[in-house]
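Could you build the full structure based on these sequences and the hints that come with them?
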Amino acid sequence: MKNVSLDHLFAAAQRAPAEEFTNIPAGFAERIVQQYQKQQRENQTFLRVSIVSIGIAFVILSMVLGYNFETLGYSGVDDQEPIIELPSALWDPIGN
Amino acid sequence: MLRDELFCLIERVRSSDQCAAKELVEHLYPLVIRIIRNHLPRRESEEDLSQEIFLRIFAKLSQYRVNMPFEHWVSRISVNTYIDHFRKQRNRPEYRWSDFTEQQQFLLDNLCQNATQLTESAVEESREFLNYLMVSLKPNERAVIRWLYLEEKSVAEICDLTGWKPSKIKVTAFRARQKLSAAVKRPEK
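Chains A and B supply the protein sequences, listed in that same order. With the working numbering applied, the first sequence covers 31 to 126. With the working numbering applied, the second sequence covers 139 to 327.
Because the hints were derived from the structure by calculation, they are not lab data. Just so it is clear, CB atoms sit at the ideal spot from N, CA and C, and this is done for glycine as well. Take the hints with a grain of salt, since some may be wrong.
Pairwise CB distance ranges, derived in the manner of DEER restraints [said to hold, decoys possible]:
1. B:Leu140 <-> A:Glu60: 43 to 53 Å
2. A:Gly57 <-> B:Phe145: 21 to 31 Å
3. A:Val94 <-> B:Leu169: 49 to 59 Å
Set out below in structure tokens:
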């Protein structure tokens, strides 16, 4: 598809003089360097916080898993009162 | 700046030398600002964008390998940052002949009839009008149109500048041309 207007527009726009380059604004380089250093510090802090958070999460998770693992092997028989003794203890009118 | 001097400067920046970082910004500023000015639709956010580009250059400087010209590497980062920056911009207008002012319609008619004898003001107006039209394009389409038709770069040169494949450049240019053609097409009476 050949569009005459568009090609003419490109040709005319191409002939427009290029913009003159202006010098670097005062303090621009310093601002960039400061921002970059600030960004680096933030990244390092974020990394440290992330590592500490992951460590804490891992400790909590292993504690929970460890507790559950202990209860898995526990039958619960030792801790129960004998079934036969229980009614008499409940219905003893003197309370001995 | 010589190639060896530049590599020495890059090494110093990598080892957190602040003076070297400032020197690198000053060295690269003309290149970056030229890319930004050529592609910005208006003079908006020029400083914000240049800061964003420089911060990205510093952040990725450790990834730079010497087998590629440093200027090409910087222009790739600049172009990609520019495209990312304007990708979020959703309100791109879609122009038709009826949207243009009488002056703009006259300019287009005049371009067709007197293509060879254009006054300086007509040339300036053409550039402004093209900038106005290109607001309707996506940032990558805008960039490709500029390189191909205004700066007369070859597809291979654009590949070097952007890292895109030739097919992507051709398809992008075709789509952009279609959009612009639809805009400047005079409705048949």
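Structure-based check of all given hints:
1. Checked against the hint of 43 to 53 Å, the C-beta distance between Leu140 (chain B) and Glu60 (chain A) comes to roughly 25 Å, which is inconsistent with it.
2. Range check, Gly57 (chain A) to Phe145 (chain B): Cβ separation about 27 Å, and the 21 to 31 Å hint holds.
3. In this structure, Val94 (chain A) and Leu169 (chain B) meet the distance hint of 49 to 59 Å, their C-beta atoms being roughly 56 Å apart.
Checked against the numbered hints listed earlier, the structure breaks hint 1 alone; every other hint is satisfied.
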